[in-house]
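Start from the sequences and build out the full structure, keeping to the hints where you can.
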Amino acid sequence: MKKNLKEHAKPGEYSTLELMAVCGARAIKNGEVVFVGTGLPMVAAMLAKRLHAPKAKIVYEAGFIDSNAIDIALSIADSRLEYRASAAIGLIETLGMLLQGGRVDVGFVGAAQIDEYGNLNTTYIGDFENPRVRLPGSGGGNDIVSSAKRIVVIMKHEKRKTVKKLDYMTSPGYLDGPNARERAGLRGGGPSLVVTNLCQMKFDEETKRIRLATVHPGVTVETVLENTGFDLIIPEQVLETEPPTYEELEILRSVDPMGIYIPREQK
Amino acid sequence: MVEADVEDKRITLKEAANLIPDGAHLFWGGFGFQRPPMAFAHELVRQGKRELTIYTCGSEIDIDILAGAKVVSKFELAFFAIEGIGLAPNIQRRIRDGSVQIEDYTNLAMALRFLGGALGVPFMPLKSMLGTDLVAKSKFRTKKVKVIDCPFTGEKVALVPSVRPDFSIIHASRVDIEGNAQIDGIKGEDIEGARAGKKTIVLAEEIVDVEFTRANPDLTVIPNIYVTYVVECPWGAYPMMVYNYYDYDMEHIRMYYQQCKTEEGWRKYCEEYITGVESHMEFLKKIGFERLLKLRARKPFGY
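First to last, the sequence lines map onto chains X and D.
The first sequence: position 232 = 232 (my numbering), numbered continuously.
Position in the second sequence (first residue = 1) + 1000 = my numbering.
Hints are not guaranteed to be accurate.
Below, computed lysine-lysine pairings styled on BS3-like, alpha-carbon distance capped at 30 angstroms [as the list claims (entries may be wrong)]:
1. D/Lys1143 x D/Lys1199
2. X/Lys3 x X/Lys55
3. D/Lys1261 x X/Lys156
4. X/Lys164 x X/Lys202
5. X/Lys164 x D/Lys1139
6. D/Lys1299 x D/Lys1261
7. D/Lys1285 x D/Lys1268
8. X/Lys161 x X/Lys3
9. D/Lys1299 x X/Lys165
10. D/Lys1299 x D/Lys1286
11. D/Lys1156 x X/Lys165
12. X/Lys164 x D/Lys1156
13. X/Lys165 x D/Lys1014
14. X/Lys161 x D/Lys1268
15. D/Lys1285 x X/Lys165
16. X/Lys149 x X/Lys164
17. X/Lys202 x X/Lys149
18. D/Lys1070 x X/Lys159
19. X/Lys165 x X/Lys149
20. X/Lys149 x D/Lys1144
21. D/Lys1199 x D/Lys1268
22. D/Lys1156 x X/Lys202
23. X/Lys149 x D/Lys1014
24. D/Lys1261 x X/Lys159
25. D/Lys1014 x D/Lys1070
26. X/Lys156 x D/Lys1137
27. D/Lys1137 x D/Lys1074
28. X/Lys164 x D/Lys1137
29. X/Lys165 x D/Lys1070
30. X/Lys161 x D/Lys1299
31. D/Lys1156 x D/Lys1199
32. D/Lys1070 x D/Lys1144
33. X/Lys149 x X/Lys161
Non-contacting residues of chain D with respect to chain X, defined by C-beta distances greater than 12 angstroms in every case (computed) [said to hold, decoys possible]:
34. Pro1161
35. Tyr1269
36. Cys1270
No lab work stands behind these hints: they were computed from the structure.
Backbone N, C-alpha and C fix where the C-beta goes; we use that ideal spot for every residue, glycine too.
In structure tokens form, the structure reads like this:
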């Protein structure tokens, strides 16, 4: 049976992780400079480049600039990312001159906790003096969220991860509200989109507080609220997230054929 | 004629590790899975070093081993984990039992701290960290970061202290006997880090003839002036990777991660692969010729 590639896939034909990667890819515009890490953001950026954004330039903080990797990398410094890159330099170049220099359009990050102003925690769970879990830390995360023009956050949606107060603020969203970033001296635009396994969220223009944008197919607003720890603004009309097209799925599966970041069996 | 004038800075891996006194401060090279000084970490463990402080951007199994063996008590860094797999297992336990402390910065902040050390200025300004707990909270530094109004523009900037560690430890691709080093692929923060240390030890996959480096000076990323000692150290980053030389050994890395989740498992690993072998060469023999050759980089990919 021949499928129309532009047609939307039906429930059961794609996994939640695949939908999340597609949402990430759609946030990248052609020609943009994109700063990503490994995992889903890497898959999303590679997908975007093979679809609607062939001229997007992917930068990895270890020093890979305009990478055209064909194999999935496990580390941000993975030799696989060097394939057909325009340059392989270092951190002062990527995080300093490109990112802090104001040349990065969109940055992708993950987080263990997010609050309603989009501030992020990737450092401690529990008390600072006596933490339950010590997470990996900022890495380049704080640098990216401080200085990229737009930020896309990709993370798992759980009550304990969407909190009123972070255990530790590693990276700055809108801090405590309107103009707070400017007052703190931050130049980047701040978070613009949060993609989770349940929904997509954006930020209210005036209050800078997080609001629901779309719910994924099969997910209700009630389910989102049940799994959310902070006060989420619910607009009058909440649309459904556009499902992946057959074309997006086909290319996505060719980007990660071994299922390293998007396991095949997961639906 | 020329050869006679060339200074020979070569020492052995054992001699290099022996130079590091307990309590020393080290810049630790490599980034993520790329070119960590793994063999040097093993040798520090074998020699039972204590109370070291390590400065780095992001490191993985290499520093997890140093924490597990209680060689290092303080880290100033931005990131540690075993990417694609999970949290660094030994460091988790060492934080809990209080034998390791971590002062958190960002990758850009650490890279700039090394650049500041290399440039001989006391601090560097940056536009990250602002407004977050990276400024508000510190573990052991009394002066970790200071936010000021720029004296020229009035905008807020974060100042971080430069680092001039006792030693910089770098694992390069190639080096000649007088210390001119080449690094294939990304450099991470090694260019700045190599120039920040009071003494710099360059380990490398291979020693090349001075004729080769002198014929290609544009390929030298760390010139001899900065380099105190040179160590020939093939497969020195195994089980991690060196661009153009070899890929990582995921099977070994996963085994490490699983086994080191418990103290008992870590002790077993340490005994089997580090303290139970006499040298780096014995370690490589234990891993095995066939296994290593399977990891060799395939042209034109570099991995």
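Results for each hint:
1. D/Lys1143 x D/Lys1199: Holds: D/Lys1143 and D/Lys1199 sit about 25 angstroms apart, inside 30 angstroms.
2. X/Lys3 x X/Lys55: Distance of about 28 angstroms is within 30 angstroms: holds.
3. D/Lys1261 x X/Lys156: 24 angstroms, holds
4. X/Lys164 x X/Lys202: 17 angstroms, holds
5. X/Lys164 x D/Lys1139: 25 angstroms, holds
6. D/Lys1299 x D/Lys1261: 36 angstroms, violated
7. D/Lys1285 x D/Lys1268: 18 angstroms, holds
8. X/Lys161 x X/Lys3: The given pair, whose Cα atoms are some 39 angstroms apart, is violated under the 30 angstroms limit.
9. D/Lys1299 x X/Lys165: 50 angstroms, violated
10. D/Lys1299 x D/Lys1286: Roughly 27 angstroms between the alpha carbons, so the hint for D/Lys1299 and D/Lys1286 holds.
11. D/Lys1156 x X/Lys165: 25 angstroms, holds
12. X/Lys164 x D/Lys1156: At roughly 27 angstroms apart (the allowed maximum being 30 angstroms), D/Lys1156 and X/Lys164 satisfy the hint.
13. X/Lys165 x D/Lys1014: 50 angstroms, violated
14. X/Lys161 x D/Lys1268: Measuring from Cα to Cα gives roughly 36 angstroms; hence the hint is violated.
15. D/Lys1285 x X/Lys165: 52 angstroms, violated
16. X/Lys149 x X/Lys164: 25 angstroms, holds
17. X/Lys202 x X/Lys149: It holds: about 15 angstroms lies between the C-alpha atoms, which stays within 30 angstroms.
18. D/Lys1070 x X/Lys159: Violated, at roughly 37 angstroms.
19. X/Lys165 x X/Lys149: 25 angstroms, holds
20. X/Lys149 x D/Lys1144: Between X/Lys149 and D/Lys1144 the Cα gap is close to 28 angstroms, so the pair holds against 30 angstroms.
21. D/Lys1199 x D/Lys1268: The given pair, whose Cα atoms are some 34 angstroms apart, is violated under the 30 angstroms limit.
22. D/Lys1156 x X/Lys202: 27 angstroms, holds
23. X/Lys149 x D/Lys1014: 49 angstroms, violated
24. D/Lys1261 x X/Lys159: 27 angstroms, holds
25. D/Lys1014 x D/Lys1070: 19 angstroms, holds
26. X/Lys156 x D/Lys1137: 27 angstroms, holds
27. D/Lys1137 x D/Lys1074: Distance of about 16 angstroms is within 30 angstroms: holds.
28. X/Lys164 x D/Lys1137: 20 angstroms, holds
29. X/Lys165 x D/Lys1070: Violated - the C-alpha atoms of D/Lys1070 and X/Lys165 are around 34 angstroms apart, more than 30 angstroms.
30. X/Lys161 x D/Lys1299: Not satisfied, since the Cα-Cα distance of roughly 44 angstroms exceeds 30 angstroms.
31. D/Lys1156 x D/Lys1199: Cα-Cα ~35 angstroms, so violated.
32. D/Lys1070 x D/Lys1144: 24 angstroms, holds
33. X/Lys149 x X/Lys161: 25 angstroms, holds
34. Pro1161: 17 angstroms, holds
35. Tyr1269: It holds; D/Tyr1269 is separated from chain X by about 20 angstroms at its closest Cβ, greater than 12 angstroms.
36. Cys1270: The claim stands: D/Cys1270 keeps its Cβ more than 12 angstroms from every Cβ of chain X (closest is about 21 angstroms).
In terms of the numbered hints stated before, the structure departs from hints 6, 8, 9, 13, 14, 15, 18, 21, 23, 29, 30 and 31, listed from lowest to highest.
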